[in-house]
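Chemist: Same order as they appear, the protein sequences are chains A and B.
Residue numbering for the first sequence is 1 to 424, as defined by my numbering.
Residue numbering for the second sequence is 1001 to 1175, as defined by my numbering.
If you are wondering where the hints come from, they were derived from the structure by calculation, not from laboratory data.
As the structure is a computational prediction, the values presented were derived from the model and not from experiment.
Check the hints yourself; a few may be wrong.
[To be verified] Cross-link-like lysine to any residue pairs, in silico, SDA-like; alpha carbons within 25 Å at most:
#	chain 1	residue 1	chain 2	residue 2
1	A	K258	B	V1105
2	A	K404	A	N185
3	A	K216	B	G1140
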Amino acid sequence: MWPRRQALRALGASLALPALTPAFAQFRVEIKGTGATQIPIALGRFRDEDRQPQSISAIVRADLERSGVFRIVDAPAPADENGLPDYNTLRARGADAVVAGSASRLADGRIDVRFRLWDVVKGADQGGQSEPSLPVDLRLAAHHVSDQIYQKLTGERGIFSTRIAYVTKAPGKFTLRITDADGENIQPALIDNEPIISPSWSPDGSELAYVTFHDKKAKVVIRNVRQGSIREVASFRGSNSAPSFSPDGRTLAVTLSKDGGSHVYLMDRSGANVRRFTDSTGIDTEAKFSPDGASVYFVSDRGGGPQIYRQPVAGGAAQRVTFSGAYNISPALSPDGKLLAYISRGSGFKVMVMNLATGDAQAISDTNDDESPSFAPNSRYIIYATKANGRDVLMTSLTDGKGKATLIESGLDIREPVWGPYGR
Amino acid sequence: MIKNSGKMLLALASVAVVAGCASPVKLDKPVEVEKKDVQTTTTTTADTGKSTVATTDQSSKLNAPITLDRVIYFDFDSYAVKDEFRPIVEAHANLLKQNSSAKEVAEGHTDERGGSEYNLALGQKRAEAVVQQMKVLGVGDSQLEAVSYGKERPAVDGHDESAWAKNRRVELRSK
Chain A
1 MWPRRQALRA LGASLALPAL TPAFAQFRVE IKGTGATQIP IALGRFRDED
51 RQPQSISAIV RADLERSGVF RIVDAPAPAD ENGLPDYNTL RARGADAVVA
101 GSASRLADGR IDVRFRLWDV VKGADQGGQS EPSLPVDLRL AAHHVSDQIY
151 QKLTGERGIF STRIAYVTKA PGKFTLRITD ADGENIQPAL IDNEPIISPS
201 WSPDGSELAY VTFHDKKAKV VIRNVRQGSI REVASFRGSN SAPSFSPDGR
251 TLAVTLSKDG GSHVYLMDRS GANVRRFTDS TGIDTEAKFS PDGASVYFVS
301 DRGGGPQIYR QPVAGGAAQR VTFSGAYNIS PALSPDGKLL AYISRGSGFK
351 VMVMNLATGD AQAISDTNDD ESPSFAPNSR YIIYATKANG RDVLMTSLTD
401 GKGKATLIES GLDIREPVWG PYGR
Chain B
1001 MIKNSGKMLL ALASVAVVAG CASPVKLDKP VEVEKKDVQT TTTTTADTGK
1051 STVATTDQSS KLNAPITLDR VIYFDFDSYA VKDEFRPIVE AHANLLKQNS
1101 SAKEVAEGHT DERGGSEYNL ALGQKRAEAV VQQMKVLGVG DSQLEAVSYG
1151 KERPAVDGHD ESAWAKNRRV ELRSK
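Chain B extracted, bound-state conformation:
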């Protein structure tokens, strides 16, 4: 499908805040002290709808058809790449082997159940399983990075097994 390398532009706007701080003092000896304040820093990103769909960069980097399947689904509580997804792993491995300057990220995801940090580690484990398979197929270590979003980026909204099954996945993205 579509590979997205569009980098978000981040504009940091700092708002200066007059700060002092104060601690309470006894009534009989008032002391002037400084005061604390929370400063709000707003992170403004580029318009999401326009900036996030940048496909040409990615496909040209990979020299691959943009319709290449890139999502591998996993069973509950499993990190094993099922046979039916083996062709996807092999296709991406072949592309990387053909172009040693190309790089891919394996991005692990989990369903929504459980804690965010443990799920981040589970997604990492899935991503590393895919990366390991690609390395066995001959892809160079420097061409691959395994990362995880845990449960933070579900592909499908929903709170049942059909949604969860679509969210337990590794997405291969060009880097």
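Extracted from the complex, chain A is given alone in its bound form:
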């Protein structure tokens, strides 16, 4: 099939990425690194896209370049998805694939985003799709095109249409924000002058649980992202924090201090049926379900300093997972269940990634103030908050630390990023 696909897979997670100049937006992804094997692809302007509020081809181009998996080749593409590629010219320019499409306004006001992908090496139509979209959803339709191209050419699901939630802090003002995975289309979900921490997506992406201090103490709230409706699920005496959904979305793990100390409890997603999960005389917090739902990883200082433990949901003793270093917090599990990311304090605070099969862990950052690692749903990327050049930033990285990219926003503290699921 695709001649470069095997090479790409062999390359695995060690892709290094080419320089990408930040362009038009204030909040923009910058990719650093040097070039490696990438799929050369030609991408035409989509017919009629100039008449629409968003340039579909520009969004797709940026997605593909940012992924590190593609190299855009300057070669002629068909006028739209119904055209025929000039295979000879495309081959002569070194393109292995070509994409064309259109963005036509329908009678009902929606815009039909269509595209088709061709295998230039084989000279074969690889199919396409049509997505009639409201004007407000044009960016999403473009990200869907990118996801399709990525999946057809790499065999893995793309994460271009996913979203990331995070919190910004300005003096006296905290904002829970949701951005597209490319750092564009940022929308505030909640603005408050009391702190907001620990956002956590429901598995279907429809809800965000988080901790609000609006009532002068930490309470756990679940918010419907589309409707803005709010359910208070944990407001017990003391502090209520660290919400995290089970993979089936039915159970919420939280940290409560209602019985003294800070311990992990499980509850139904409605907030009912609260039962204590961890049992120690110290601090237990930051619970995260394993992707199979069978275990909960959490932070505990039962052995002295904070370390990460794993405990079976069905019952059983907690097993210590981290042994190197005196301070390991903020566990995150890759959706494929293979990796554990966490923050370790040494000379600074650094993102670590542990291979759960071997227990081997390595630091993946070159910064010293890292916080809150979170995996992309395809388990290929990690996002975390850190400081670079004295400013707060969100950084993305391949899981081996290569291909770092920065989501920058000037003038605000940026924290608590959490990558949303597939399915938008």
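Chain B: place on chain A using the hints.
Modeler: Relative to chain A, chain B alone:
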């Protein structure tokens, strides 16, 4: 100092958004589907500068002089209430004992180093240490609540030990 019980007024303004959702379909069989959209809900609070300084309520509740010290500082990585702050704990305990309907919140805080959730738990531990001392002094359990802001509400901006030392604290507030 000043006790603040001013409750923020929250006005929720929901903006209706036309929603539909769509998933991609094959070119040869276009299907109309609904579309998703993020809805923005704006939380508007009352004017901060005017609404947050409400002192009379608090002091009358406590029947206490508004100059009563209410901040207890902690050493790095410590939850022990140092002897020098013992008089503050005792003064608040006495006030609560004199007025059994009065209530106080012990609000734990940490410095900025480390994760927000672990620091929340550390601040909780400091607050509970102060509450425990007050209970030992005879204050009723229902008069006290230990809560934590973790590292989210530093008293002092700054990234050195002098700032951190002022931020590792428990603040006693009337409820």
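Chemist: Compare the structure with each hint and give your call.
Modeler: Hints, one by one, checked against the model:
For the hint linking A:K258 to B:V1105, the alpha-carbon distance of about 14 Å falls within 25 Å, and the restraint holds. Distance hint between A:K404 and A:N185 is fulfilled; the C-alpha atoms sit about 21 Å from each other, no more than 25 Å. For the hint pairing A:K216 with B:G1140, the CA-to-CA distance comes to about 22 Å; that is within 25 Å, so the pair holds.
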